[in-house]
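> Given the sequences, and given the hints that come with them, work out the whole structure.
Residue numbers (my numbering), protein chains in the order written: chain A, 264 to 578; chain B, 264 to 578.
FYI, nobody ran anything at the bench for these hints, they're computed from the structure.
No experiment lies behind these values; they were computed from the predicted model shown.
Some hints could be false.
[What the hints assert, rightly or not] Just a few of them, taken from the derived set where beta-carbon distance is under 7 Å, the chain A residues facing chain B:
(1) P295
(2) S296
(3) H297
(4) I298
(5) S301
(6) L302
(7) R306
(8) A318
(9) A326
(10) E330
(11) V340
(12) N344
(13) D348
(14) E361
(15) L525
(16) L528
Glycine included, C-beta positions come from ideal geometry on N, C-alpha and C.
Protein chains: 2
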Amino acid sequence: MTVSRVVNNKGEISTTTRQRVQEVIDRLGYRPSHIARSLATDRTATIGLVVPDNANPFFSEIARGVEHLAHEQGYNVFLCNTDEDAQREIAVLRSLEEKRVDGVILCSSRLDADDLHLVLAHHEAVVLINRRLEDAAVGMVLVDDASGAYLATQHLLARGHRAIGFLAGPRQSYSGQQRQQGYCAALHDAGIAPPPVWIQHCPPMVTSGKTATLDLLAANPELTALVCFNDLTAVGALQACANLGRRVPDDLAITGTDDIPLAALVTPPLTTCRVPMYELGRQAMRGLLARIGGESIDSNLVLVRPELVIRASAP
Amino acid sequence: MTVSRVVNNKGEISTTTRQRVQEVIDRLGYRPSHIARSLATDRTATIGLVVPDNANPFFSEIARGVEHLAHEQGYNVFLCNTDEDAQREIAVLRSLEEKRVDGVILCSSRLDADDLHLVLAHHEAVVLINRRLEDAAVGMVLVDDASGAYLATQHLLARGHRAIGFLAGPRQSYSGQQRQQGYCAALHDAGIAPPPVWIQHCPPMVTSGKTATLDLLAANPELTALVCFNDLTAVGALQACANLGRRVPDDLAITGTDDIPLAALVTPPLTTCRVPMYELGRQAMRGLLARIGGESIDSNLVLVRPELVIRASAP
DNA sequence: ACAGTTAAAGTTAGCGCTAACAGTACAGGG
DNA sequence: CCCTGTACTGTTAGCGCTAACTTTAACTGT
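See below:
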């Protein structure tokens, strides 16, 4: 027990005894087991981070922010991919429960509200990223997706565009729904009622963005601009235009969302709504630490506003 | 103890008793604690994955491969970033030790051999990715970087280039050293002795690749081709050429390494040596599972060969 | 000398599970 | 009937740490 006082710097111990014990620790090569400590203290100093795909630059930057702050605070982070599969999402949340993580950060959950309530009830501290959940004692760190898409659409309107299409993300995506609302609001405010055919859903990847753009433009050749769910789908849209011989931005102006590193590196560089993903990750970890520590929480909701970054795809 | 037999499907138990116990488990909402189980069994069913930067597409794909196979096999993965800092690398390895992970996958370690031996001695199962270590009972999954760079350089030679520069990676990078060897070997085989000024070291990022390329071309305007440490530095080289008004590939042909998604999306798309990162991750996890399971290991070394992917930056 | 206080050190039950063993019941063979 | 083997069930010490408590020693005040 004196070893515990030395290792954890807790409880009453004299300097003399501390040094004596430390020497024994060093000599015997004592290596404390956090497993035993966790069982005794009911704390593991671990958290779970659940993302749809850790290789997606949006989530990898969030993960980096989470891991950095976690490390600074003495926590280790379990990384779990859901691969956009609800069953897998439930499975990983259950395995984290058995591992008795101190808390969970869940990104862009695709579970319906009932299932989400059910499975999160077993976790004492939870922060959701990009997912709203009513009547639950969880933190939420949301991007103000509506205002981001509103900004991008307004920018295009200000440049004279009227026929503006929208590449929505996955249908179950909370972010996608919010972005669609912002897009529609900007058009309505300009006195334009966007016909449903100007809106095309697709998974959040380059290839699907390209396919969706080809479909959208085939059905709506009058479009002169396109607001995209994210930068990956926007790059797909660039590829579609290259295929069709449509110049960007002259024939079709394109905006993305997120400002992942790729956005600035493609040709032409993408106008996009910058979401501070790294900071989003840190904010979520900050909220989670507060919950784990039992601090009083001012608000369950943190709203991060995107900012428009103008580049050559829609100057 | 009968609960344990049911939950873990181990030991003798009759069908009648199993059902009876399962009903009690369901009724009471019993949720097993893997922490207690870990203390009793000396197994945590967790592993550590240590990478320089989880947001780097090379490592994020590796992480995805590791996490997928880990999940399939009932393991949870701790994600740890080293940020190219040796002290942090040691710190995370120590924290994994205290968490009693069953094994560690360590990517592109920057520790010198002595320190690496010392800190890995406390881990029973280890697989290194992109790092060779002699006299250690660890697995190693290596990319045959030398042959990759040899292929790229040979391709440029076959296209008639003679003055070929090399953007090396970080000086302490094992991959960088191997790629440099392949580059030099290809030139030597073509009867060319590459002057040291054709070789420029730089960190593995877009911005540093751009800076290094500007420096290299300023000092060596005779260069007509460039082999780059990775795709990120190659994109930096593309940017440098755009700044200098040098056309790619006509004035300077450029090759990258890794074939991260970005490589195909930039303009012009990069010729590059494709490294199957996802598969690299799965291979490493496979080797780690074999070590954790105490299986006899055929070989400590798995060598993965890159293949040349020809695109417009060096057709 | 005695009583009270306090800093420090020592002790142990308990965290929740399981490997290992002991006990029980039954079937089959001699 | 007795013995042996096997399937099954029940029991418990131990994993390594720590919160909580007890004990000890030293000091101070009366």
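> Each hint: holds or not?
For each hint, the structure was consulted:
1. P295: holds (6 Å)
2. S296: holds (6 Å)
3. H297: Hint holds; A:H297 Cβ to chain B Cβ min 4 Å, cut 7 Å.
4. I298: Constraint on A:I298 satisfied, holds at 5 Å.
5. S301: holds (5 Å)
6. L302: This interface hint holds because 5 Å falls under the 7 Å limit.
7. R306: Nearest chain B Cβ about 10 Å off; hint violated.
8. A318: holds (4 Å)
9. A326: For A:A326, the interface hint holds, since the closest Cβ of chain B sits about 5 Å away, which is under 7 Å.
10. E330: The hint holds - A:E330 has a Cβ within 7 Å of chain B, the shortest such distance being about 5 Å.
11. V340: With Cβ-Cβ at 5 Å, under 7 Å, it holds.
12. N344: Since chain B brings a Cβ to about 5 Å from A:N344, closer than 7 Å, the hint holds.
13. D348: violated (11 Å)
14. E361: Given a least distance of 4 Å, the restraint on A:E361 holds.
15. L525: holds (6 Å)
16. L528: Holds, because the Cβ-Cβ distance from A:L528 to chain B comes to roughly 5 Å (cut-off 7 Å).
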